[in-house]
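A.B. asks: The sequence shown runs contiguously to residue 276 in the working numbering.
Possibly wrong hints are sitting among the right ones.
[As the list claims (entries may be wrong)] Using C-beta positions, here's what the derived DEER-type ranges look like:
# : residue 1 : residue 2 : range
1 : 14        : 207       : 28 to 34 Å
2 : 155       : 21        : 14 to 20 Å
3 : 135       : 1         : 26 to 32 Å
4 : 7         : 197       : 55 to 61 Å
5 : 124       : 49        : 18 to 24 Å
6 : 32        : 103       : 39 to 45 Å
7 : 21        : 222       : 19 to 25 Å
8 : 8         : 195       : 41 to 47 Å
What the hints contain is simulated information worked out from the structure, not anything from laboratory work. Remember, it's a predicted structure, so these values are computed and weren't measured experimentally. Virtual Cβ for every residue (Gly too), placed ideally from N, Cα, C.
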Amino acid sequence: MIQPYLRDNNHELQGWGVNPNWAKNDNRPVKSPRYEMLMDFLELSKAKNDSFFHDYPDYGFFICGSQVQLDVSKTSYLRVLNAFNQIEGPKAVLLANSEFWGSDWDLALSRDVFWENSMRGVFEENTGVFPKVFENEDDYFSYLSETAIFTATRGEVTYYFELIRAKDYLNKPAIQAWSIHGKEVSIQPSEDDFKTHRSYQFQDLTTRGTVEFRSVCTQPFSATFAPAALHLGLLVNLDTLESILKGTSLFEVLTMIILEFVACFRKRKSQRLILN
Numbered sequence: 001m002i003q004p005y006l007r008d009n010n011h012e013l014q015g016w017g018v019n020p021n022w023a024k025n026d027n028r029p030v031k032s033p034r035y036e037m038l039m040d041f042l043e044l045s046k047a048k049n050d051s052f053f054h055d056y057p058d059y060g061f062f063i064c065g066s067q068v069q070l071d072v073s074k075t076s077y078l079r080v081l082n083a084f085n086q087i088e089g090p091k092a093v094l095l096a097n098s099e100f101w102g103s104d105w106d107l108a109l110s111r112d113v114f115w116e117n118s119m120r121g122v123f124e125e126n127t128g129v130f131p132k133v134f135e136n137e138d139d140y141f142s143y144l145s146e147t148a149i150f151t152a153t154r155g156e157v158t159y160y161f162e163l164i165r166a167k168d169y170l171n172k173p174a175i176q177a178w179s180i181h182g183k184e185v186s187i188q189p190s191e192d193d194f195k196t197h198r199s200y201q202f203q204d205l206t207t208r209g210t211v212e213f214r215s216v217c218t219q220p221f222s223a224t225f226a227p228a229a230l231h232l233g234l235l236v237n238l239d240t241l242e243s244i245l246k247g248t249s250l251f252e253v254l255t256m257i258i259l260e261f262v263a264c265f266r267k268r269k270s271q272r273l274i275l276n
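Let the sequences and hints guide you as you build the complete structure.
C.D. replies: Structure follows, in C-alpha cells:
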C-alpha cells in the first residue's frame, strides 16, 4: 500500500543492503544531534590523506542493515558472543546483499568495508569480528577497553573528537572537541560519557541485556525475516551450535584466521563459486 505513495514522491522501499541509487540519494542526516554529529565525525577522514579510508564518509545514509537483538543472561552472553562470532564467514555467504552499485568494488558484502575503513574502524577492536574466543568475562572486557570513544554531551550540546581508546579516556586532562556547528571547545572527560559509548562489532552486548547482531545486510522482501529467524533458531539451539563448532575442523581453523576468512567470503566471485 505504501509503495504507490512513495513512488509518487520519487521514493521506493527496496530490499538491498546498499541503496542502488546512492549516488542520487539525498545523503544528509535526519535533524537529530546524534546523527548530525556522526556525519561530522565520519567526515574527519577527508583530511587524513590516508589510503586506509574509503571516499564515502556519508555511507551511513545509503547502507541498510537487518539488525536483530535477542535477550541473553549473565551466564549465557559470552557463549553467545563466541559462538556467533565464529559463523560470520558462512553468514556472509548466505546473507550478503550489499553490492556497491556503480563502483569497481568486487564485493557482494560492501557494508563491512564501509564500516571498517572509516573513522569508526581506525582501531580494529572497534568494528567487525572478534579475533579470538573470549575465555572469560575479564578477557572480554579487557578487549572492550581497546574500543574507541569519540563523542560526549555537555548540557544539550553533542560534541565529537578524534578517537580515544576507552582505557585511556579518563586519563586525558582535556580533549579538543567540536560541536555540529563547528565550534571548537576543550572538554574534560567524565565517567558519564561512557553511558553513550558503544562499539560496532558484529556482535555487541548492549545495556538492555541483549546481544545485538549487526553484520547482516537488509534482505530482499521475500527474506525480510530470515536473519531474525536464523539468529533466534541458533540461539534456541545454542548447545547444539557450540557442539558443531567444537567438532568441526572448519571452525577450528576459523578461530585462527577469522579475519581473513570473512574477507574471503565477502568477494562476489567467491560467493558465486561456493553457492554454485
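A.B. asks: Work down the list of hints and note, for each, if the structure agrees.
C.D. replies: Structure-based check of each hint:
no.: 1; hint: 14 to 207: 28 to 34 Å; verdict: holds (32 Å)
no.: 2; hint: 155 to 21: 14 to 20 Å; verdict: violated (39 Å)
no.: 3; hint: 135 to 1: 26 to 32 Å; verdict: violated (52 Å)
no.: 4; hint: 7 to 197: 55 to 61 Å; verdict: violated (41 Å)
no.: 5; hint: 124 to 49: 18 to 24 Å; verdict: holds (20 Å)
no.: 6; hint: 32 to 103: 39 to 45 Å; verdict: violated (28 Å)
no.: 7; hint: 21 to 222: 19 to 25 Å; verdict: holds (21 Å)
no.: 8; hint: 8 to 195: 41 to 47 Å; verdict: holds (43 Å)
When held up to the earlier numbered hints, the structure conflicts with 2, 3, 4, 6 and fits the remainder.
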